[in-house]
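> Listed below are the residues making up each chain.
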Amino acid sequence: MSGPVTPPRSPFIAPAWIALASVVGLVSALIGDGVFDVVSWVVFAGLIGLVVRAWVKRTR
Amino acid sequence: MQRSTIKAWFVIHKWTSLVCTLFLLLLCLTGLPLVFAEEIAHLSGAEPELPAAAADAVPLNLDAQVRTALAQYPGDVPLFIGWDPHAPTVYVNTGASTATPPPQMHTALLHSISGEVLPAAQFNQGVMYFIYRLHTDLFLDLPGLLFMGTMGLLFAVAIISGLVLYGPFMRKQRFGTLRTGRNRRLAWLDLHNVLGIVTLGWAFVVGITGAINTIAKPLEQAWQSEQLGEFAARYEGQPRPTTLASLDAAVATARAAEPEMRAAFVSFPGTGYSGDHHYGVFMQGNSALTERLYRPVLIDARTGALTAQPQLPVYMSVLLLSQPLHFGDYGGLPLKILWALLDLLTLVVLISGLYLWIKRGSTEARVNEIERAARTAGAP
Numbered sequence: 001m002s003g004p005v006t007p008p009r010s011p012f013i014a015p016a017w018i019a020l021a022s023v024v025g026l027v028s029a030l031i032g033d034g035v036f037d038v039v040s041w042v043v044f045a046g047l048i049g050l051v052v053r054a055w056v057k058r059t060r
Numbered sequence: 001m002q003r004s005t006i007k008a009w010f011v012i013h014k015w016t017s018l019v020c021t022l023f024l025l026l027l028c029l030t031g032l033p034l035v036f037a038e039e040i041a042h043l044s045g046a047e048p049e050l051p052a053a054a055a056d057a058v059p060l061n062l063d064a065q066v067r068t069a070l071a072q073y074p075g076d077v078p079l080f081i082g083w084d085p086h087a088p089t090v091y092v093n094t095g096a097s098t099a100t101p102p103p104q105m106h107t108a109l110l111h112s113i114s115g116e117v118l119p120a121a122q123f124n125q126g127v128m129y130f131i132y133r134l135h136t137d138l139f140l141d142l143p144g145l146l147f148m149g150t151m152g153l154l155f156a157v158a159i160i161s162g163l164v165l166y167g168p169f170m171r172k173q174r175f176g177t178l179r180t181g182r183n184r185r186l187a188w189l190d191l192h193n194v195l196g197i198v199t200l201g202w203a204f205v206v207g208i209t210g211a212i213n214t215i216a217k218p219l220e221q222a223w224q225s226e227q228l229g230e231f232a233a234r235y236e237g238q239p240r241p242t243t244l245a246s247l248d249a250a251v252a253t254a255r256a257a258e259p260e261m262r263a264a265f266v267s268f269p270g271t272g273y274s275g276d277h278h279y280g281v282f283m284q285g286n287s288a289l290t291e292r293l294y295r296p297v298l299i300d301a302r303t304g305a306l307t308a309q310p311q312l313p314v315y316m317s318v319l320l321l322s323q324p325l326h327f328g329d330y331g332g333l334p335l336k337i338l339w340a341l342l343d344l345l346t347l348v349v350l351i352s353g354l355y356l357w358i359k360r361g362s363t364e365a366r367v368n369e370i371e372r373a374a375r376t377a378g379a380p
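These protein sequences, in sequence, are chains A and B.
Heads up: the first sequence is residues 1 to 60, going by our numbering.
Heads up: the second sequence is residues 1 to 380, going by our numbering.
Check before you lean on any hint, since a few could be wrong.
Stated by the list, open to error - On the chain B side, residues computed to face chain A include the following (Cβ under 7 Å):
(1) Arg184
(2) Leu186
(3) Val198
(4) His326
(5) Phe327
(6) Gly332
(7) Ile337
To be verified - Each computed DMTMM-like pair below joins lysine to aspartate or glutamate, with the alpha-carbon atoms no more than 20 Å apart:
(8) Lys14(B) <-> Glu364(B)
(9) Lys336(B) <-> Asp33(A)
(10) Lys172(B) <-> Asp37(A)
(11) Lys336(B) <-> Glu291(B)
(12) Lys359(B) <-> Glu369(B)
(13) Lys172(B) <-> Glu371(B)
Claimed, not checked - Label pairs and their computed distance ranges (CB to CB):
(14) Val24(A) <-> Leu32(B): 22 to 30 Å
(15) Thr242(B) <-> Val23(A): 47 to 55 Å
(16) Ala8(B) <-> Ile13(A): 18 to 26 Å
(17) Val24(A) <-> Gln72(B): 31 to 39 Å
(18) Ala8(B) <-> Gly32(A): 52 to 60 Å
(19) Ala96(B) <-> Val52(A): 49 to 57 Å
(20) Tyr355(B) <-> Leu20(A): 24 to 32 Å
(21) Ala45(A) <-> Ile40(B): 32 to 40 Å
These aren't lab readings, by the way, just hints derived from the structure by calculation.
Heads up, the beta-carbon is just placed ideally off N, CA and C, and yes, glycines get one too.
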């Protein structure tokens with residue numbers, strides 16, 4: 001059972017994390033192969049996952 | 001945030017978005033197949049899939065490769081020769097003169113070991129080239145490039161202003177709020193906000209690097225006149241050599257000078273990349289990062305002697321590093337697929353923005369909406 005969730009203090013917290021993650025994802029595959037590529041894939045897949053999550057949790 | 005501040009940012013967001021939306025839609029749509037250009041070339045048979053050469057295989061003499069290429073295009077002169085790092089092939093670009101622009105160049109593709117002539121996709125023909133020109137310059141050359149670059153910068157401003165407006169909109173909402181059941185406009189607004197924020201960093205970098213790429217030509221010209229002009233000055237008054245030293249020996253000299261790097265391509269004298277008197281052997285590193293950065297090795301085209309190994313200026317390094325960040329071709333097929341998905345999400349952001357503009361009221365009404373959203377947790 002989930003109760004009401006307190007909104008974050010600043011609406012910019014999530015965008016700041018997303019921007020930081022995006023930079024990591026963009027740069028990672030550029031500086032190396034192998035695990036660096038995987039980091040990029042995980043980051044960007046995570047961003048797509050946020051959209052899927054928002055869609056699944058949408059209120060009708 | 002003050003009402004006047006919200007209004008100012010709203011107006012900036014509205015107009016920067018509106019001006020660039022149509023072109024951004026075109027960029028997103030044409031960018032989608034370009035992300036997979038390599039895969040499309042292989043699947044369509046435009047570029048042959050070749051087995052890797054044996055590790056001890058000896059590449060064919062490059063001068064012989066150039067002669068074979070020129071036999072395919074009689075009357076042409078060689079302009080560039082380059083290697084595919086993922087296949088045992090060399091390509092040779094030729095043209096009627098050393099001043100031939102890329103749209104008029106011919107390309108020959110040859111097996112690097114056997115010298116066999118392979119089917120060569122002309123990079124300046126076909127559907128993919130049409131899409132590429134639409135994406136980059138709308139067939140308008142430099143004016144088109146600069147125009148698209150301006151659209152990229154407007155897009156970046158639209159992203160920043162959208163982020164500023166996101167603050168008051170979402171002050172009372174949880175991140176990811178998507179209300180689809182109340183009214184259609186609210187659903188599109190929430191979708192615009194969610195997708196806009198998720199694609200924020202990626203879209204900003206792709207937009208800015210795209211804008212940087214549009215000034216590649218002026219940057220290259222600046223580099224050529226600044227750095228290469230210095231070497232050209234030593235040969236002032238001398239005619240361009242008509243008989244060239246061995247290309248194969250020139251590349252061997254460059255490889256010996258930069259043993260940690262591999263040759264990416266060679267420019268012939270007169271093509272603008274290495275002056276009138278030099279082969280420019282462009283070496284690249286072997287790591288994920290350094291393979292993007294070239295080191296030119298200038299070889300005297302008459303004597304075959306090494307003249308210089310100039311460092312690329314910082315602005316050229318920035319340009320070269322910005323290219324993969326725009327193309328998304330540096331992390332294998334999974335990254336390309338994710339790049340395409342983010343491109344599709346950006347399309348939805350653009351379309352939802354357009355819908356919100358069509359269903360707009362007055363600017364005052366929209367500013368009221370943002371202020372109301374900042375005060376209450378309910379519908380704005």
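> Compare the structure with each hint and give your call.
Against the structure, the hints come out as follows:
| no. | hint | in the structure |
| --- | --- | --- |
| 1 | Arg184 | violated (13 Å) |
| 2 | Leu186 | violated (11 Å) |
| 3 | Val198 | holds (5 Å) |
| 4 | His326 | violated (10 Å) |
| 5 | Phe327 | violated (11 Å) |
| 6 | Gly332 | holds (6 Å) |
| 7 | Ile337 | violated (9 Å) |
| 8 | Lys14(B) <-> Glu364(B) | holds (13 Å) |
| 9 | Lys336(B) <-> Asp33(A) | holds (15 Å) |
| 10 | Lys172(B) <-> Asp37(A) | violated (37 Å) |
| 11 | Lys336(B) <-> Glu291(B) | holds (19 Å) |
| 12 | Lys359(B) <-> Glu369(B) | holds (13 Å) |
| 13 | Lys172(B) <-> Glu371(B) | holds (11 Å) |
| 14 | Val24(A) <-> Leu32(B): 22 to 30 Å | holds (24 Å) |
| 15 | Thr242(B) <-> Val23(A): 47 to 55 Å | holds (52 Å) |
| 16 | Ala8(B) <-> Ile13(A): 18 to 26 Å | holds (24 Å) |
| 17 | Val24(A) <-> Gln72(B): 31 to 39 Å | violated (47 Å) |
| 18 | Ala8(B) <-> Gly32(A): 52 to 60 Å | violated (43 Å) |
| 19 | Ala96(B) <-> Val52(A): 49 to 57 Å | holds (54 Å) |
| 20 | Tyr355(B) <-> Leu20(A): 24 to 32 Å | holds (30 Å) |
| 21 | Ala45(A) <-> Ile40(B): 32 to 40 Å | violated (23 Å) |
When each numbered hint is compared with the structure, violations occur for hints 1, 2, 4, 5, 7, 10, 17, 18 and 21.
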